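Novice: Chain by chain, the residues run as shown.
There are 2 protein chains.
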Amino acid sequence: MAISWGVKSFPFTICVHILGVVAAVLVLVWNIHFRGGLAWTSPNKDLIFNVHPVLIVVGFILVSSEAILVYKSIPRSKEYKKLVHLSLQGVALVVAIVAILAAFKFHNENGIDNLYSLHSWLGLTTVILFALQWLIGFVAFWYPGAVENTRSALKPWHIFFGLLTYGLTIATAKLGIQEKLTFLQINSVIGRYSLEALIANSLGLTLVLLGAFVFLAAVVSSR
Amino acid sequence: MAISWGVKSFPFTICVHILGVVAAVLVLVWNIHFRGGLAWTSPNKDLIFNVHPVLIVVGFILVSSEAILVYKSIPRSKEYKKLVHLSLQGVALVVAIVAILAAFKFHNENGIDNLYSLHSWLGLTTVILFALQWLIGFVAFWYPGAVENTRSALKPWHIFFGLLTYGLTIATAKLGIQEKLTFLQINSVIGRYSLEALIANSLGLTLVLLGAFVFLAAVVSSR
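Residue numbers (this note's numbering), protein chains in the order written: chain R, 1 to 223; chain C, 1 to 223.
Just so you know, the hints here were simulated from the structure itself, not pulled from any lab data.
There's no promise every hint is true.
Copies of the same chain are indistinguishable here, so a pair counts whether it falls within one copy or spans any two.
In silico BS3-like links for lysine-lysine, alpha-carbon gap of 27 angstroms or less [to be verified]:
1) Lys8 / Lys155
2) Lys81 / Lys105
3) Lys105 / Lys180
4) Lys45 / Lys180
Treat the numbers as computed from the prediction; the structure is a model and nothing was measured.
Use the sequences and the hints to build the structure in full.
Specialist: Here it is as structure tokens:
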């Protein structure tokens, strides 16, 4: 049965771009204004941690969102879209790995245990899935490229696991926001209804909305 | 373009049933064995809280998962499937509301603030979406039922928002697990790598896997 949605993807891609800017502003305001800024090396170890959420939101989630939308938002040849898609997803993957290294660096320099939280378990699962998905996609659809039959068979699975991994990325980010806020609130560094908590929670909801529009844009037909 | 997945939904529905049992066992062991059990009224307020995760996992997520699968797992008439689907989703909704009341009851009797965490924000958003989705579904597809054109136009949106809400349910549950564990670990009630933490994190990952199989069963064709 052919499904008719009655709408095209264009308005949803616009919503994704706008929500992406909102999410970037929220994560930057949170980590630079409220949490003191970013640094890779610093006696103030918290600044090293702050690199993690900023890179995850701006360099991983937003880049990956746009990479998914390439098939709906750019009126160019299929090969061109593919190249932009795999390049953007490649950038997102590298940024995610650097962001994870920042979290480990913060833990190690502060003597905090690694990989005990659900956030870390799910994050590691997600980035491994993402890397596998990228590798299999590269080999099957770009170079050397599988035969046509294999491509057709793989395509729905590539889309399904891609969207699943993308959903996990957003779910993991929300776990991270909640973890960070709980640490701050339980030590009474910030109030439960403080402006900072509202901003961080709003970032969480913005990412959920962004994800919903990416899914919508991905499933309806282009323009 | 017709998509060929090369598989049918049957094996995925079996995985959902099995993972559902695993998730139920994990949440019960966690809350009864490790957290002391369940009670609606008790001087030990923690027992009131424990009602919340148990009802959410066993009565909301698992029932809702099976409700989604009805269209793939029962070889009966369309009307029959619809009735089972809307009844199960109705049960899930009522259980979710009772589970949320348990969390408020625990907060109020313990003098804890309500609705400050990302878990609570997302949870409230999710249950409101779920209730709207149920109501619109009931009116459009059951009684009085919309005209055929409207039904066809609504159907993809019902499926999309249904799966989105379902994904949010699982994401919210993971936020709850992480919040509870962070509270316990930061007060050193349990260790970061304790058996209890491993069980609760495993519950989180089991719910993610369960969700992935529900999505797969929902998108591929039946049997």
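Novice: Run every hint past the structure and note whether it holds.
Specialist: For each hint, the structure was consulted:
When the C-alpha separation of lysine 8 and lysine 155 is checked against a cutoff of 27 angstroms, the pair qualifies both within a copy, at 21 angstroms, and between copies, at 16 angstroms. For the identical chains of this complex, lysine 81 and lysine 105 are neighbours neither inside a copy (36 angstroms) nor across copies (53 angstroms), given an alpha-carbon limit of 27 angstroms. Taking the shortest alpha-carbon separations for lysine 105 and lysine 180, both the intra-copy value of 16 angstroms and the inter-copy value of 26 angstroms come in at or below 27 angstroms. Taking the shortest Cα distances, lysine 45 and lysine 180 sit within 27 angstroms of each other both inside one copy (14 angstroms) and across copies (26 angstroms).
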